[in-house]
Each structure stands twice: as structure tokens, then as C-alpha cells.
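Undergrad: Chains as they are written, first to last, in this note's numbering: chain G, 1 to 369; chain S, 1001 to 1305; chain U, 2001 to 2280.
To be clear, the hints were calculated from the coordinates, so they are not data collected in a lab.
Misleading hints may appear alongside valid ones.
30 Å max Cα-Cα, derived DSS-like pairs, lysine-lysine [unchecked claim]: (1) G:Lys145 / U:Lys2131; (2) G:Lys224 / S:Lys1075; (3) G:Lys163 / G:Lys181; (4) G:Lys62 / G:Lys224.
Chain U stretches covered by chain G per the calculated footprint, using a threshold of three residues with CB under 8 Å from any CB of chain G [stated by the list, open to error]: (5) 2019–2028; (6) 2124–2131.
Going by beta-carbon spacing under 8 Å, a handful of chain S positions derived as facing chain U [claimed, not checked]: (7) Trp1118; (8) Ala1195; (9) Ala1260; (10) Thr1287; (11) Phe1288.
Bear in mind that the values here come from a model prediction, so they are computed numbers and not experimental data.
Glycine included, each C-beta is placed from N, C-alpha and C at the ideal position.
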Amino acid sequence: MLDRDLFPKRIGRKLGRRSLLSALGATAIGVSLEGCGKPVVRGPNGEEAKLNLYNWDTYIGKHSFEWFKDKTGVSVALTLFANNDELFSKLRAGNPGFDVIVPTNDFVTRMRIADMLTPIDKSKIPNFKNLQPAFQTAPFDPGRKYSIPYTWLALGVGYRKSKIDGVPNSWKWLFDSDRYKGRIAIFDEADDLVRLAAKYLGHPGTNIPVSLLPTIEAMYIRQKKNIRVFHEDNGQDLLLAGDVDIVLEYNGDIAQVMAEDDDLAFVIPKEGSLLQSDCMCIPKGAPRIDNAHRFINFMLDAKVGADLSSTILYPTPNQAVLDLMPDSYRNNPAIFPPPDQMKNCEYSTFEGVERTRMFDELLTRVRAA
Amino acid sequence: MAETVNESWKKSPGMFASLLAPPTLFLFAFLLAPLFVVWTYSFGHNEGLTEITVDGTFANYAHALNPLYLSILIKSFAFAAFTTFICLAAGFPIALAITFAKAKTKSWLLLLIMLPFWTNLLIRTYALMALLRTQGYVNGFLHIVWNGIAGVLHLVHGPALPAFQPLDLLYNNFAVVLGLVYVQLPFMVLPLYSALDRLDRSLLEASLDLGAGHLRTMVQVVLPLAMPGVASGILVTLIPSVGAFLTPDLLGGVDSQMIANVIERQFKAANDWPFGAAISFLLMYVTFVAIALQSVFAPKKEARS
Amino acid sequence: MSRSRPGPLDYLARWPLRAWMVATTVFLYSPLLTLMVFSFNNSRRNIVWRGFTLDYYAQVLGDDSLIQAFINSLTIALISTLFSVLLGAATALLLWRFRFPFKAGLEGGLALPIVVPEICMGVALLVFFTKVLPWPTNMVWPFNLGVIIIAHISFSFSFVASVVRARLASFNREQEEAARDLGASEWRTLIDVILPHMRPGLVAGGLLAFTLSLDDFVITFFTSGPDTTTFPVKVYSMIRFSVTPEVNAASTLLIVITVALTAIALRLQGSDGAAATAPH
Chain G
1 MLDRDLFPKR IGRKLGRRSL LSALGATAIG VSLEGCGKPV VRGPNGEEAK
51 LNLYNWDTYI GKHSFEWFKD KTGVSVALTL FANNDELFSK LRAGNPGFDV
101 IVPTNDFVTR MRIADMLTPI DKSKIPNFKN LQPAFQTAPF DPGRKYSIPY
151 TWLALGVGYR KSKIDGVPNS WKWLFDSDRY KGRIAIFDEA DDLVRLAAKY
201 LGHPGTNIPV SLLPTIEAMY IRQKKNIRVF HEDNGQDLLL AGDVDIVLEY
251 NGDIAQVMAE DDDLAFVIPK EGSLLQSDCM CIPKGAPRID NAHRFINFML
301 DAKVGADLSS TILYPTPNQA VLDLMPDSYR NNPAIFPPPD QMKNCEYSTF
351 EGVERTRMFD ELLTRVRAA
Chain S
1001 MAETVNESWK KSPGMFASLL APPTLFLFAF LLAPLFVVWT YSFGHNEGLT
1051 EITVDGTFAN YAHALNPLYL SILIKSFAFA AFTTFICLAA GFPIALAITF
1101 AKAKTKSWLL LLIMLPFWTN LLIRTYALMA LLRTQGYVNG FLHIVWNGIA
1151 GVLHLVHGPA LPAFQPLDLL YNNFAVVLGL VYVQLPFMVL PLYSALDRLD
1201 RSLLEASLDL GAGHLRTMVQ VVLPLAMPGV ASGILVTLIP SVGAFLTPDL
1251 LGGVDSQMIA NVIERQFKAA NDWPFGAAIS FLLMYVTFVA IALQSVFAPK
1301 KEARS
Chain U
2001 MSRSRPGPLD YLARWPLRAW MVATTVFLYS PLLTLMVFSF NNSRRNIVWR
2051 GFTLDYYAQV LGDDSLIQAF INSLTIALIS TLFSVLLGAA TALLLWRFRF
2101 PFKAGLEGGL ALPIVVPEIC MGVALLVFFT KVLPWPTNMV WPFNLGVIII
2151 AHISFSFSFV ASVVRARLAS FNREQEEAAR DLGASEWRTL IDVILPHMRP
2201 GLVAGGLLAF TLSLDDFVIT FFTSGPDTTT FPVKVYSMIR FSVTPEVNAA
2251 STLLIVITVA LTAIALRLQG SDGAAATAPH
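With the rest of the complex left out, here is chain G (with noise of 0.2 Å):
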């Protein structure tokens, strides 16, 4: 083909070429505009009437955000995240703009590492002495400079009554035994699996000698033959369906899933096992420090609480909430495990990137084995 273009032809299109390369522009300009910034109201604080909390599903009071909104004015924008892990991968590279976040104790721990949290200043939370002495202090926040409890809670083990002889609180029946074969269901979580087999093997669960990890590794590829599934904390799912008939979950899950079905029960090892306390902390960037501040007051307050621990039915830390909340909480096997049964549990520690590592890489072997 030869071609026949005319002069003027060219010059229109090298113009046609030009707008479409400036409207390309005009349009990237036009959506890094500033103009197109939100309408801001402020509240008497000078902050914006607003505020993003970053939590777990299901874990927060049916009245909670109405009521903070009656009271300060601020209505609050509630993102969600599935596991911890997110939590971290999502703040890792900055904060996109969360006021408040509920992580757990371990990963307090890391993100005051990283330097991700922003100390939180208990003048402005005079409801701090609503807390419990014990939860007043932490062994992984001394004196609480960056974290509020939320809740807490227990591993355990949930179980189907009528398939389970007796009430199987050792480990053993998990780990390392063949009696329910094909009816188990353990966590997906490295970090636990790690630290579980530790306690049920006679050791603590923190600083576990390197030495002891063939051991545990060993211990778990044997038993995979006997295990149904790996779950991904929907173990409560599994066992209310009749998938499995025993299962590694946490106190309050199991608890959930009992008020359904009567011949469901949880126990905590006779090996103890693994605490953990969901805590309030302000992350590093937050734009609303000060409504963050307010929240995590009113979170403390009694009525607050009583309402929060009434719909997710997660033991509290607070003694006024406690006060108020019936006998059915209070008495709740499930939600409080009897001393007893806690007297050999331990807070699960982060204890640097190398463990991390090294325990996740255990539990590849042992899926892949």
C-alpha cells in the first residue's frame, strides 16, 4: 500500500494525537485535584466529626456507635478485617486513615516494634479505672501506654458430647492420638499449632528450645493421617455441622456455636493453653487523635460495655461491666473457664521475625509432608 497521506492530513492527525495525549493529562490533573476534597464538619474539638475504626466482625455493641453519636456528635465509619495478619499487611506500608484498631496482644507487641501505635494519653480516659487491677497493667504493655483492653480470650478444645467419651481435656486428643480419627479439626495458625504442642509436651509456651521443634514437627505429621481438616478459625462451623466432632477454637466461638446446639461443650486442657486479649490502640497517622482518645473512653464506660459484652459475648475486662451483666454471662463456663481449668494458660508473646519464620515454615513441612 502505498502512502497517499496529504501534508495537511499528517498535521491533523499529530494534532488529534496531542489532544489525546492533553486530555490524558487534563484528567490525571483533574483527579489529583485538591478540589475534589470532601466537604469537611468539625466538631467543638476541632476534628472532623468522624471516625474509622479498623475491627473484627461481630464484635461490637448492638448500641455502640448510636450512643457515641448522641454523645459527641462523631459518627463512626466501621472497616473490617478477618485475622490479625491483615490487620498488620494492611497498616504496614502506612496508615490509610484508621483512627482506632483492635488488635491482639501480639501484635500490640509488634506494632509498638515497628513503631505503628501512637501512645495513648490516659488523662483523656478516665473510665481506665473501670478495668479489672489485673488488666490494668499488661506483660506485653507495662502500665498501658499504647493499648486499652477489649476483650480476651482462650484456645480450648470444642467438642460434640454424645461423640467424645468423656470430656477429652488434654491435648493429646488432638495432637497426638489416633482414637478420633478423621473427626479432627485444628487451626491453620503456625504461631499456635507451635506453641500449643509445646505446653502439651511439658514445656511452656514461650522460649521454646530450637531443639524441641523436630520433636513437635514430628509429632504433627504423624498425626495428620487422623486430622480431617486445617481450619481457618471457622472450627465452631465445622463442628456445629458434624463435620468433625472435636476441634482447636476459641472460648468465645465455641460459646456462640453452644447456645445452638446443647450437645456442644468446651474444655481448656489440663496442659493449659493460650490467652489472648484484643486491645484498643490509636495507630501511628491517625487523623482524629482526639476522637480516637474519646472513644476509647467511652468504649470503658459501664453501659457501654454491659451492651458490648451482651452481643458478643466475649469475657470483659471491665469489673463496673461485669457489675451490671446477668449470671448467665457471669457463670458461663465457656465465657469464663473455671480457675482450674486457666490456671496453666499463658499470654501468647511475639518473639521477633525469626520465630515467625521459623514456625511457619513448620507448619509448610508438615501440610506438604
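Following the hints, put chains S and U in place on chain G, whose structure we already have.
TA: Then chains S and U, alone, in the frame of chain G:
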């Protein structure tokens, strides 16, 4: 019939430039640039919890090449290949039926295939679990059928059947493949349909008139002509299947750990981005080699047609 | 009407294909059907039937953040599909028509979004949009969705290109030559001859892009902020404590709405729509 026109760009530079500029600009700005950042991470190491120092190390790749991860990689490819094969076998008749349906039916059939995929993947996966579990609906249905047969046998004084044993349909490798097929099927059907739709019908009719059966016509006439669609279907089915992590996570059993699960854990639970980046890029290098190999064999097909 | 013998190519009228279509439909739809049924289940959980209720529909319709996520998802899907189809079509034409230096490089670049593990791509975009090119967070809707839309275009347009290119491979060049011989400019030829041929490919590619966008969780998760949650991101975090009927109810609504909208679109398009997919 040529696969590409292959005209030199110099013949119509205006059109060439206006077709070239937008996709390449976009590609560089929003795909290559971000991926480049992560690519550099694969040559770095963690400095504390959130900082990554890029020092040109190959340690991550060396670690990723250890037999543990290689075996998981091979297994993932095997699963994905099996899934793709089933999708192709199942999707081809569907694409064919849609292609030769009446114009009006066609839109509805396409919609029928696509509609389930406008429901969230996770919700669909959970719904699939509700069907497959030990006390799920499939087993429930089978139980009723089983009892029915047992009842009939009882009436005619036949042998007594043993009690019904629910099938293990969930938490195993079968469930993973089933789940992957469920997710990937439309990604196979669409390119197949789009390629088949333009087939010259007279070729098919000629083949049938000449006495070739339908099956033979399919294999010898339709399939070679639809090859570009088949190739594109395989590409868009196979590779996402290798990268799927939700399906093996939720439907798989103790042995269903795939490479994507390992990668996901590096970016989340293990918090080891450099290593995660290294496995990801290793997976990509392998895929590129596979694509390159495929294009080496491609000219033969062209020569045949 | 008496049953006439189907034509040789009327495959849909033949029983093996019919049976296969029915079987596939059952396979694809039975999970959805259980999901819909359980949206009326009077239990927090998805497992045992405990009676009929409409409560969860009321909850969904009263949940502003869920509805906002819903709207966000649809907006993102529509805009990113539009751009993906444009970019994908341009790419397909380019690769189909021209021979040029670095063509293999471009093809390789295009294969990237298909080849990259989703999570790696998500992290890449997260780092890019927070460290390299920070995106302002306080923009009005829908500009605040910009990052997610860009992310969705970048992974879906090469899928569109791949589908459209497969379609172009069957183009009969004589048509184009004829048009050119009749004096049509190359752009006119493109619009009047090549584009109509591409249409089924564009429709199929558009459907694919829409589906990918509407369903994407991993990449969206990393690119969304507190004000830009999408439906899959919301749902994913909601079912940590198992699938609730509320999620089922929302999905049922979504299915009903998409079916209704698509049906209306197909009706409105009428014969035109039929012509678009019919062979020329």
C-alpha cells in the same frame, strides 16, 4: 487464514501510535512500576518488622528453590493442569451449544453461564461446602436414594443393603479440583465461545456432508480452527488456578496446600515479604518459560491449517 | 407444532448437548439455590434449618455500610470494565495488526497480570500507592475509588485483550481490503468493518472484566481504605465468624438485581442485541 496481519507499523504510524500509547502508558505506570518495587524486594531482606533492605541477595531465591517449595510448586501445577483439562472438556460443548443457538437464546445462555460468577467467590465457596459436607445436601440426597433402593429390595425380598455411609466429598483433593472447576469454568467458556462464534459454518457442513461424523468433525475441523480460543482459554484458566489460594484453603484437606497458600502466608502471617516476592516471581518465571515453550510449538499448528 | 428434525448444526437441539447443558446448570446453580434458601433461615448460622424469616433482608436493607460497599463495587466494576474494554481492544488490534520492535516485550508485559499471583500484585499496588505515588485519601466519591479502579483495570484489561485477539484471529482480511478499495480511510475501515467483527469479543471480554472486578477480593483488599470498602472485602471480613444469613440475603439481592438489570438491558437492546452476537 492468517492469525495476525503482521503489517509493519511504519505503514500507518498514526493508527499505530494511538493504539500503542494508552495501553503501554498504563502498563508502565500502574503495572510494571508497582511490580518492579516488589521485584526489588525479592533481592532484599527484612530489617526489623516493616523495613526491607534491598542488597542484591539471592538468598530468597535459593531458599525458594529448596525441594520443599519446589514439590509444592509442581503439585500446584499438576492440580491446575487437571482443572484446566476438565474445564476444557466440560466447557467446549457448552461454548459449541451457545455458538450455534438462535440469536435470542444466545444472550440468555451466556447470561446463564456468567450469572453465578457475579456472586462473591467466597460466598459461592461456602455454598459449595454446604452441599458437599458430611451432612450436606448431596449426601442427604444420596441417603434418600439409598433408602429408596433398600426399600424396593426389601419389598422384592432381595438382599438387604448395608446402612448408608455418607461420602467424603469435602476436605480432600477431589473437593479442591471440583471447587477450582466451579470457579474457572466461565473463564474457559468465554474465549472458546468468542473464537467458535466466527467459524465458517460451511466448513462444518462440508465435513458433515462428506460423511465425517460429528465427533470427527469436532476433532478434525472445529478444534484446529478454534485453537486461538482454546489457547487463550487454557491460559486464563490454568494460571489463575495455579494462583488460587481460597479454594484449597476452604475445600482442601490436610494435603491440599498449594503454592499460593504458601505465598499468601509469606505476605501475611509469616510477614516475610522478600521471600514471598521471591516465590511469586519464581512462579512467574516458570509460567513465562511455559508460555514461551508453547509459542515455540505454535507455528506447527499454523502450518497445518 | 410438530417436531422437525434439527438442522445439522443446531447442536443445542441434540440431546447429549442438552443433557450436558442441564447438568452444567445444575452444577453451577445448586450452590446458589442453597444460598438463597438459607437467606430465609431463622438462624445466625448457615447449617441447620430453623424456620422462615425475612429479618435478614431487613437487616441488609438497614445496613448503610453494606449498601455503600455494594454501590462501590458496582461503580468500580462498571468504570473499570469500560476502560478495560477500551484498552484491551486497542491492545488486541495493535498486536493483531502490526509488526513492531519490542512486540514480544509488550506481549510479555501483557501476560503479567495473568501470571502474577494476586497477592503479590496486591502488595505491589499497596506499596506503590502508599509510598511511590500517594493517593489523596480525602476525595469525594467516586474519585476516592480511583486507586481501586486503576488496580482493577490493570489486572483485567489484558484478559480482555486476550479474548478480543482470539476473536480477531478469525477476521477475514478481504473485507477490509474491499472497504479500503472503496475509498474508506483506515479509521473508517476500523470503525465500520473491524469493530463490528470484534463485537462478540468485546462483549465477552467486557463480561469477563466485569466479573473479575466484581469478584476481586485480594487486590482490592490491599488498595481499599476505610472509606472505600467494596462488597467482597466487606463480606470476607464478615464471614470470619461463619457465613451469616445476612450475607446470604445480600447475595440473593445482588443476584436478583443483576438478573433484573441484565434482563431489562437485553429487552431494551432487543433485535440490536441479538444482531450483536449473531454471526455476520
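Undergrad: Please go over all the hints and tell whether each is borne out by the structure.
TA: Structure-based check of all given hints:
no. : hint                 : in the structure
1   : G:Lys145 / U:Lys2131 : holds, 29 Å
2   : G:Lys224 / S:Lys1075 : holds, 18 Å
3   : G:Lys163 / G:Lys181  : holds, 12 Å
4   : G:Lys62 / G:Lys224   : violated, 41 Å
5   : 2019–2028            : violated (count 0)
6   : 2124–2131            : holds (count 4)
7   : Trp1118              : holds, 5 Å
8   : Ala1195              : holds, 5 Å
9   : Ala1260              : holds, 6 Å
10  : Thr1287              : holds, 5 Å
11  : Phe1288              : holds, 7 Å
In terms of the numbered hints stated before, the structure departs from hints 4 and 5, listed from lowest to highest.
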